[in-house]
Every structure is written in C-alpha cells, then in structure tokens.
Amino acid sequence: MNFRQLQTFLEIIRLGSFAAAANNLNATQSTVSARIQELESELGVALFDRSQRKIAVTSKGRELVSYAERALQLHDEILHHITPRQMLSGIVRVGVAELVAMTWLPSFVATVHERYPHISLELDISLTAPLRARMLAGDLDVVLLPGEIADPALVVHPLGMVAFRWMAGAGMDLPDHVLSAQDLTRLRVLSLGENSVHYSTILSLLDRGSSAQRPDLCNSMTVIATLMIANTGISVLPPACYGDDIASGRLRVLETMCDPAPVPFVAAYKKRRLSGLHELIAATAAEVSTFASAEDAASG
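Heads up, the sequence shown is in this note's numbering, so the first residue is 644 and it goes up one at a time.
Since the hints were made in silico from the structure, they are not lab data.
All figures in this text were calculated on a predicted structure; none of them were measured in a lab.
Any given hint might turn out to be false.
Here are the computed distance ranges between Cβ atoms for each label pair [claimed, not checked]:
#: 1; residue 1: THR726; residue 2: ASP859; range: 46 to 52 angstroms
#: 2; residue 1: ASP902; residue 2: PHE691; range: 51 to 57 angstroms
#: 3; residue 1: SER684; residue 2: ALA780; range: 29 to 35 angstroms
Positions of the beta carbon are idealized from the N, C-alpha and C atoms, including for glycine.
Make the full structure from the sequences, and use the hints.
Written as structure tokens, this is what we have:
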C-alpha cells in the first residue's frame with residue numbers, strides 16, 4: 644500500500660470515474676486501474692462495484708475513505724514540516740475574483756514563485772458564485788473572492804476590505820443634489836453578473852419598490868469602468884482602484900444617500916482537501932493582499 648494508491652482511490656470517489664481521476668492525476672486510465680487493483684489485492688477486498696454501468700463504492704471502500712484521508716493528511720503534514728519549502732511541489736488551482744486580479748494578484752504570484760519554485764499555479768478569473776461552486780465541487784483548490792463565508796467545512800483567511808462608491812463618467816447628466824436611491828433607479832445602472840456580490844450589493848442599494856430598470860450586466864469590472872467613462876451608465880466601483888481616472892476627471896465619485904458598505908474579501912479552501920499546499924497558498928494571499936483593514940475601508 645502506498646500514498647499514490649490512496650490518493651488515486653479518493654480521486655476516483657471525488658470525481659466519479661476512473662477516466663476523470665486519470666485526467667486529474669496526469670496518468671493513464673490503465674495506470675489508475677492498476678493502482679486500485681494493487682490496493683484491493685493488498686487489502687483483500689473489493690473497493691468498487693464494477694458490475695454496473697456507473698462504478699459504486701463498496702461498504703469496505705466507504706470504510707477506507709476516512710483512513711485514506713487521514714493518511715494523506717499526515718503525509719502532507721510531514722512534507723509541510725519536514726521538507727524545505729523550496730522543495731515543495733505540486734499544482735494548486737486558484738479561483739480569483741477580478742478585483743484581486745486587478746490589484747495584488749501579480750505580487751501574489753511572484754511571492755509564491757519565489758518561496759515555492761516547484762509549485763505551479765492554475766488561475767481561474769471569474770465571478771463569486773461560480774468560483775465558490777467550483778471550489779466546493781473540488782475543481783478549484785483555493786478561492787480568493789468577496790463576501791463573508793461562515794461554513795464549518797471551509798478554512799477561511801481574511802484578505803481585508805474594499806470600499807465601494809457610486810461613480811459615473813464626467814459627462815453623465817445627473818441631478819444637482821445628493822442622490823437618493825430613487826434618483827439612482829432613474830439612471831442606467833451597470834453591474835457585474837447575477838452570480839456576483841457586486842450585483843446583489845447594487846440591488847440592495849436601489850429603490851426596489853420603484854419601477855427600476857434591471858441593471859445592464861457585464862462580466863468585467865474593467866469594462867464597466869470603460870463604459871462609465873463613455874457616460875453609458877453609473878455603477879459602484881472601488882475608488883482606490885480608479886484613482887487615475889478620478890484624478891483626470893474621467894470618472895467622478897457621486898454623493899449619495901446610499902453608499903455601499905465596505906466589502907470583505909477572503910481566501911478559502913475545503914478542510915477536507917488533501918494537500919497542505921492549499922494552506923500555504925491561502926496564507927500567502929492573506930499576507931500579500933493590499934486590501935484595507937475594516938477601519939481604513941470604512942473611512943475611505
């Protein structure tokens with residue numbers, strides 16, 4: 644029995660097939676099958692019922708799951724505490740919200756490469772809900788995203804807070820007073836997709852009792868800012884990320900009665916994921932993040 648066999652066993656259960664496990668482990672399907680056959684021979688039991696079209700885990704296979712997870716967790720702890728960090732290797736799939744990508748992602752990647760030269764990153768830039776769903780499904784190892792997370796199955800590292808304000812292009816025709824939620828509903832509003840914290844935040848700020856038009860949706864905050872500079876609508880953006888546009892007059896911060904609260908960002912990963920690399924990556928993100936403290940975000 645060896646760790647590679649146990650890892651292969653758990654990947655088959657997680658992904659639901661030998662072929663998917665082989666693809667994820669960068670192995671051939673015959674190699675994966677051989678590892679399971681060797682493991683079954685060593686234990687003297689069948690771990691999978693192959694009599695049906697879709698493989699099913701046997702009762703002994705289900706018993707093995709917790710032992711295999713504990714064995715691999717111990718394996719990772721040994722590597723984490725004994726192996727010099729510059730020798731750690733592996734692939735970590737990281738889901739990244741666009742605002743992280745726009746700000747400190749290059750510094751994060753450079754820091755990971757400097758500290759762990761044999762670790763490779765696979766970066767997936769997307770909206771909040773898809774990132775979280777893919778992390779829970781096991782398709783991503785670590786996610787860097789906005790929003791509070793209170794899930795006992797996840798390990799969460801705070802990344803700081805980001806202040807957002809209503810903003811518009813310099814030439815946007817707006818009322819000459821502090822804007823109310825009702826005023827905002829009369830304007831064209833731009834938002835990230837419905838699967839984003841950005842979208843839910845905007846809806847919470849608008850006058851929902853009015854006949855407000857549905858926001859125009861775009862999957863890129865950068866493009867939203869470009870559209871705003873062209874005076875096509877208003878939106879909530881982080882002033883700290885658009886200082887040059889504000890200073891040049893291309894964008895302006897609006898005075899409103901309904902400014903959004905600062906948005907927290909977190910790094911999160913599943914507790915039962917098998918690689919100690921995920922903790923290292925999440926902790927590095929928390930260290931490198933340039934997002935503000937709660938106090939600074941509230942005042943900014």
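Hint check for ALA780 and SER684 - Cβ pair distance inside 29 to 35 angstroms:
For SER684 and ALA780 the Cβ distance comes to about 31 angstroms; the hint holds.
Using the beta carbons of ASP902 and PHE691, state whether their distance is inside 51 to 57 angstroms or not.
56 angstroms, holds
Do the beta carbons of THR726 and ASP859 sit within 46 to 52 angstroms of each other?
For THR726 and ASP859 the Cβ distance comes to about 51 angstroms; the hint holds.
Every hint, counting from the list given before, is met by this structure.
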